[in-house]
Amino acid sequence: MARLYEDTDKYGYQADFPIVEAYNSALKDLVRKRFDESGLPWNTFVAGQAYDSITGEDIAKIEERLLAYGYRFAPSAISSAAERPDAYKDSGLDDDNFSFEHAEAPTATADAEGRELRGAGDNVVTRSTNVIGIARYVRTSDKVLQYLTAGVPAETIAIVDDSGGTLTAPILEKFTAVLCAGGTTRSHLAILTREYGIPCLMNARLSGINDGDKIEVESAAKAKGADDYAAGTDVPAFVWRLKT
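In case it helps, this note's numbering puts the sequence shown at residues 1 to 244.
The hints are simulated quantities; they were obtained by calculation from the structure and are not laboratory data.
Be aware that one or more of the hints could be misleading.
[As the list claims (entries may be wrong)] Pairs of lysine to any residue, SDA-like flavour, derived with a Cα cap of 20 angstroms: (1) 143 - 99; (2) 174 - 140; (3) 174 - 151; (4) 143 - 176; (5) 89 - 163; (6) 222 - 106; (7) 61 - 73; (8) 28 - 62; (9) 243 - 112.
[As the list claims (entries may be wrong)] Distance windows between CB atoms, simulated: (10) 22 - 230: 26 to 32 angstroms; (11) 211 - 84: 22 to 28 angstroms; (12) 112 - 86: 47 to 53 angstroms; (13) 98 - 21: 23 to 29 angstroms; (14) 197 - 98: 24 to 30 angstroms; (15) 194 - 230: 18 to 24 angstroms; (16) 169 - 214: 23 to 29 angstroms; (17) 110 - 46: 55 to 61 angstroms.
Every residue gets a Cβ at the ideal spot worked out from N, C-alpha and C, and that includes glycine.
Kindly produce the complete structure, drawing on both the sequences and the hints.
This is the structure we're talking about:
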């Protein structure tokens, strides 16, 4: 069996999500197979014949096989699940009672101050104090239009998807804080919130926070920097649900 550069690349890594790893592995196996069948030197194969020997139909068959095994893609855009419900996980956009339930979210019972730990994220900027507000999921263009028309409610701590920076750009500066379920402290949303002076946690892992809950975000926690990412160090800023 042919070996690819990635098979011996010391900087290579396994994908975080099973479906991504399965898809990439199937694609690499296809490349190996067609390379073996070609009998050509690698440079000649990738410079020309690879475009003819690996077709769109081949890629579609890989996807069909993964879906048949029960894998489903995680939607990165609202239209994905709406247009292809057979291929994408339900993102809960039509559920008024939706809440993120990330398996890796740290949780704990209420402390002496009545704060119930409900998640954590990567702090973009260390602030002087924590921020308290009302959790509101902002995950659709309809919600953004509603807030554009009627105004963003006071003390809104927006909870957004990984693509939430683009979605909420027209109303971003009106938020008290932002919790984004993806990205890093160098993502576009992180840069925007930093410029607007809005507390923000990226890569937020949350559980049991419902729309309308009063929450506290540890915006005074250490910001996660480049050295932390390079070392693989977790620098959690916590999110608590407060008793009302």
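Need the list of violated hint numbers for this structure, in ascending order. Those not satisfied: there are none.
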